[in-house]
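Let the hints inform the model, and build the full structure from the sequences given.
Read top to bottom, the protein sequences are chains A and P.
Following the working numbering, the numbering of the first sequence begins with 1 at its first residue and continues without gaps.
Following the working numbering, the numbering of the second sequence begins with 1 at its first residue and continues without gaps.
These are computed hints drawn from the structure, not numbers from a lab.
Predicted, not measured: the structure shown is a model, and the values here were computed from it.
Where hints are given, some of them may not hold.
Heads up, simulated BS3-like pairs for lysine-lysine below, C-alpha to C-alpha not over 27 Å straight-line [stated by the list, open to error]:
no., chain 1, residue 1, chain 2, residue 2
1, P, K12, A, K24
2, P, K12, A, K263
3, A, K25, P, K92
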Amino acid sequence: MNKGTVFSLDRFLALLNIELNSIKKPALITAAAIGGFVFLTSLNFTNQDPAMHMGNFSLFLMLGGLIFTSYSFKELKENTSGMSWLLIPGSHFEKFMVKLLVASAGFIVGITCVYYLGMFLGETVNALILESPHRYLDIFSWDFLNLIGGYLLMMSFYVFGSIYFKSYHFIKTSLALFGFFLLFGIIVLTIAYLVFLPYFDGFSIKPEYKEILINAQRNSGRVHGQQENNFQIGANMPVFRYIMKAWMNFVTPIVVLIASYLKITEKQV
Amino acid sequence: MIKINNLDFSYKNTSLFHDLDMNMDHGNIYGLLGRNGAGKTTLLKLMTGLRFPDSGEIITGDFLASSRPKEMLEKICFIPEEIWVPPLTAKKYVQLYSKCYPSFSHELLKTHIEEFEVPYERNLNKLSLGQKKKFLLAFGFASQCALLILDEPTNGLDIPSKSIFRRLVAEYINDDQTVIISTHQVRDVENLIDPIIILEKGKVIFQQYVNALQDKFKIVKMKEKSDTEEILYSEKTLGGYSVVMEADSETEAEQLDIETIFNIAVNNPQKLNKIMKGEDNE
Chain A
1 MNKGTVFSLD RFLALLNIEL NSIKKPALIT AAAIGGFVFL TSLNFTNQDP AMHMGNFSLF
61 LMLGGLIFTS YSFKELKENT SGMSWLLIPG SHFEKFMVKL LVASAGFIVG ITCVYYLGMF
121 LGETVNALIL ESPHRYLDIF SWDFLNLIGG YLLMMSFYVF GSIYFKSYHF IKTSLALFGF
181 FLLFGIIVLT IAYLVFLPYF DGFSIKPEYK EILINAQRNS GRVHGQQENN FQIGANMPVF
241 RYIMKAWMNF VTPIVVLIAS YLKITEKQV
Chain P
1 MIKINNLDFS YKNTSLFHDL DMNMDHGNIY GLLGRNGAGK TTLLKLMTGL RFPDSGEIIT
61 GDFLASSRPK EMLEKICFIP EEIWVPPLTA KKYVQLYSKC YPSFSHELLK THIEEFEVPY
121 ERNLNKLSLG QKKKFLLAFG FASQCALLIL DEPTNGLDIP SKSIFRRLVA EYINDDQTVI
181 ISTHQVRDVE NLIDPIIILE KGKVIFQQYV NALQDKFKIV KMKEKSDTEE ILYSEKTLGG
241 YSVVMEADSE TEAEQLDIET IFNIAVNNPQ KLNKIMKGED NE
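This is the structure we're talking about:
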């Protein structure tokens, strides 16, 4: 019995072409709407906050991207379209990677281009006619990279939700995540409370322990200025911070995406 | 082409197939028949890997059906009863999807599209059910897949299209290809399907060539009902009874049709199978 090949570039490109054609029309309409909205908001000369575009872009990326991702596997919503999609000659891996590519790199590049176009036109008009200071979205900043990392993490959950739930993917995934993190938070806080109870007075560290931590911080020389008077967890535990970042931005999305892929291989319609 | 070994399948707690075995070979047009809810569509889904068995195995081509490898999928064209088409023009659909089928013939497609008179430039979603079905049938025949599975293919087709459909199926089949047609409209595929497989209560109760039965049995018109051993099946008709019995060439009789074979198999499966295996002669 043969097992079949997992990946071929030609097949992948053919499947990508099918996918892009299936979303072309709604994507163009949405892009036009977003571009227009960004153009209008860029004309707003009353808001001189240089971070305005980062805030607006975050909203479009996170909310728009996650709604878009929720419908990545829209074919599986109905039995008839699910049958058609599952029977397209292509491996599960190729089909999954096509969806993932569109929801991740495809959406990020697409929304950034649309945003930049709207922003460029709006800010140009703003600068020429209204002589307002120029604001722009800096895609080479750490904030932007952090935002993309956050999107990729959240996207992985919504890809899973898109496969796992049969309808109302976005709402159900959001509620499931909210429920999960609420439960997770309660458990972590309960454990932390039980373990660290002797060191706390309500939600504050007891003064004698706080003094020990701040002194240790001062002696280490890791924190300077006003921050010396408060204990900075991130500055004092860089390894912990890097582990947490790696866990959230790499390990978690990869684990969730592997689970999503396995879910596709066992999908029945 | 398809091997089913000890298949068990159930929906929630309702068992549909138990210990089902079946083989299907190249070069045949199989007719899959059964009452409503007998599991015909589910069996087709199991064969294509859209459903997974609870136990047992289904080998389609050389592949485990439930693993759905692309090498298996590019040999299968399954046109279900309830069809779905993406929001594309027929032309665009062909341009995109034909690349996934290595044996796809654009010449054949052009001929079939013209025969079925399907509007090629219109959006598939704007077409009527019959037109969508004709387009998918034309695409399916042009794909030249080793396994063509059609679930109620004549539903929604107009009368001229049914004739074209029969001709295209007959032209399609060769020694390397298999066609499975699941239908209740047996008259639409009367002289096309052979052998027939009849599903009843999760089992294959009959799997035989129609010709073998037609050579042996005929439908004879009788005025009075008779309960003799030779009569396999009888049915009240206008002015008498139609009975199925062994008949020689001199007896005035009609050829056995699939609908009657189905009724015999469902009402008297043991006797029919015994006769077909020649055990009655022993």
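Comparing the hints with the structure gives:
Of the supplied pair hints, the one linking P/K12 and A/K24 is violated, its CA atoms being roughly 39 Å apart against a limit of 27 Å. Simply put, P/K12 and A/K263 have alpha-carbon atoms about 19 Å apart, close enough for the 27 Å limit, and the pair holds. For a cut-off of 27 Å, the pair hint linking A/K25 to P/K92 stands: about 14 Å separates their Cα positions.
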